[in-house]
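Read top to bottom, the protein sequences are chains L and Z.
In this text, residue positions in the first sequence follow UniProt numbering: the first is 1, and each later residue adds one.
In this text, residue positions in the second sequence follow UniProt numbering: the first is 1, and each later residue adds one.
FYI, nobody ran anything at the bench for these hints, they're computed from the structure.
Hints are not guaranteed to be accurate.
Claimed, not checked - Restricting the straight-line Cα-Cα distance to at most 30 Å, the calculated cross-link-like pairs of lysine-lysine (BS3-like) are:
#, chain 1, residue 1, chain 2, residue 2
1, Z, Lys55, L, Lys55
2, Z, Lys23, L, Lys23
3, L, Lys23, Z, Lys55
Note that the structure is predicted; figures quoted are calculated from it, not measured.
2 protein chains.
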Amino acid sequence: MNADALLDRLIEALRCLPGVGPKSARRIAFHLLERDRAGGIHLAEVLAESMVRIKRCSRCRTLTEREVCALCTNPERDDGLLCIVEQPSDILAIEQATDYRGRYFVLGGRLSPLDGVGPEELGLDLLARRLHDEPIAELILAISPTVEGSATAHFIGERAAAQGIRVTRLAQGVPLGTELEYLDGGTLALAFSTRCTL
Amino acid sequence: MNADALLDRLIEALRCLPGVGPKSARRIAFHLLERDRAGGIHLAEVLAESMVRIKRCSRCRTLTEREVCALCTNPERDDGLLCIVEQPSDILAIEQATDYRGRYFVLGGRLSPLDGVGPEELGLDLLARRLHDEPIAELILAISPTVEGSATAHFIGERAAAQGIRVTRLAQGVPLGTELEYLDGGTLALAFSTRCTL
Ligand SMILES: [Zn+2]
Ligand SMILES: [Zn+2]
Numbered sequence: 001m002n003a004d005a006l007l008d009r010l011i012e013a014l015r016c017l018p019g020v021g022p023k024s025a026r027r028i029a030f031h032l033l034e035r036d037r038a039g040g041i042h043l044a045e046v047l048a049e050s051m052v053r054i055k056r057c058s059r060c061r062t063l064t065e066r067e068v069c070a071l072c073t074n075p076e077r078d079d080g081l082l083c084i085v086e087q088p089s090d091i092l093a094i095e096q097a098t099d100y101r102g103r104y105f106v107l108g109g110r111l112s113p114l115d116g117v118g119p120e121e122l123g124l125d126l127l128a129r130r131l132h133d134e135p136i137a138e139l140i141l142a143i144s145p146t147v148e149g150s151a152t153a154h155f156i157g158e159r160a161a162a163q164g165i166r167v168t169r170l171a172q173g174v175p176l177g178t179e180l181e182y183l184d185g186g187t188l189a190l191a192f193s194t195r196c197t198l
Numbered sequence: 001m002n003a004d005a006l007l008d009r010l011i012e013a014l015r016c017l018p019g020v021g022p023k024s025a026r027r028i029a030f031h032l033l034e035r036d037r038a039g040g041i042h043l044a045e046v047l048a049e050s051m052v053r054i055k056r057c058s059r060c061r062t063l064t065e066r067e068v069c070a071l072c073t074n075p076e077r078d079d080g081l082l083c084i085v086e087q088p089s090d091i092l093a094i095e096q097a098t099d100y101r102g103r104y105f106v107l108g109g110r111l112s113p114l115d116g117v118g119p120e121e122l123g124l125d126l127l128a129r130r131l132h133d134e135p136i137a138e139l140i141l142a143i144s145p146t147v148e149g150s151a152t153a154h155f156i157g158e159r160a161a162a163q164g165i166r167v168t169r170l171a172q173g174v175p176l177g178t179e180l181e182y183l184d185g186g187t188l189a190l191a192f193s194t195r196c197t198l
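With the rest of the complex left out, here is chain L:
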């Protein structure tokens, strides 16, 4: 169809972006070429630098260009609180939605032996060292309540509790603004059985 090799390569390369199919890749390519070359050049530079320089923080495993990330080195955060999340993006979500001021630890996934994801892949040896070395009073398990997530939370929580650390997890129940008739049965049953006094 279009025999212009470089334009074709650009459209193809844009498909590494999540959710971008052939049509949106084409739309993005034309947008950048016709309306925002400066933005495209800037993106290319920052993208190249990011892909090479951003690694995992050696303390919390979140994504960072530094050896230790800004959250880990921030002296104003509470060393007594450690919040376990699955993904770096969960940190941003918690930072934006809550007033949590403790530290974080990023698993980078969930225990899934069949997929080859064991304690080592999730950095649980590093976590164990932190639980041993640091004055952590409470471990908050902010892990998705899926089957694998719950198993992962249970695995981590048991080990921490054995060391005398207080272990908590996010409350489960009906999300705010959700109509009961659209809620899945499992969540409804759980929320019903864990109902509290008004």
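Mind docking chain Z with the ligands on chain L? Use the hints.
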């Protein structure tokens, strides 16, 4: 919130992509960093090269890395047919949907004096030269039937017709698969008044 400068810069830079707000920029950044570094590096390279090397074809004004594009140099295309489109992406749409085998000319916009878009900005001097120098039998105006688009088509069509060139435009009417009750009144009125025998 997130004090990691390079990650912030990546998320910000991704917002030059059309339709990408802060949330999707963040999602794209994490996707590339965690799951597709190779794709991200490749995109950065092709993007940088494209933004610098892709220009307008000197004959048809479409986007290309060459002085003259592949469609213009293809010896199998019919020199007697010239299709006028607004944007390079319109060429791809016509190539995919039709069996048109003529040449193209890209305006890059519509006449809009108030926005400073006159005949010069649309390359109409180049088009006039082509209409004069080349054996063009039919000029097809594949321009959106908007107010400015129609004015632009009229402007171009009159000049070509004055040179004895046959000028056609895309048929206007009810789009295939459209329910009449959802069609705008203007299109319905037009389709009604230009109805044809079955
Ligand atoms: Zn860190
Ligand atoms: Zn061309």
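Status of each hint after checking the structure:
no.: 1; hint: Lys55(Z) <-> Lys55(L); in the structure: violated, 36 Å
no.: 2; hint: Lys23(Z) <-> Lys23(L); in the structure: holds, 21 Å
no.: 3; hint: Lys23(L) <-> Lys55(Z); in the structure: holds, 21 Å
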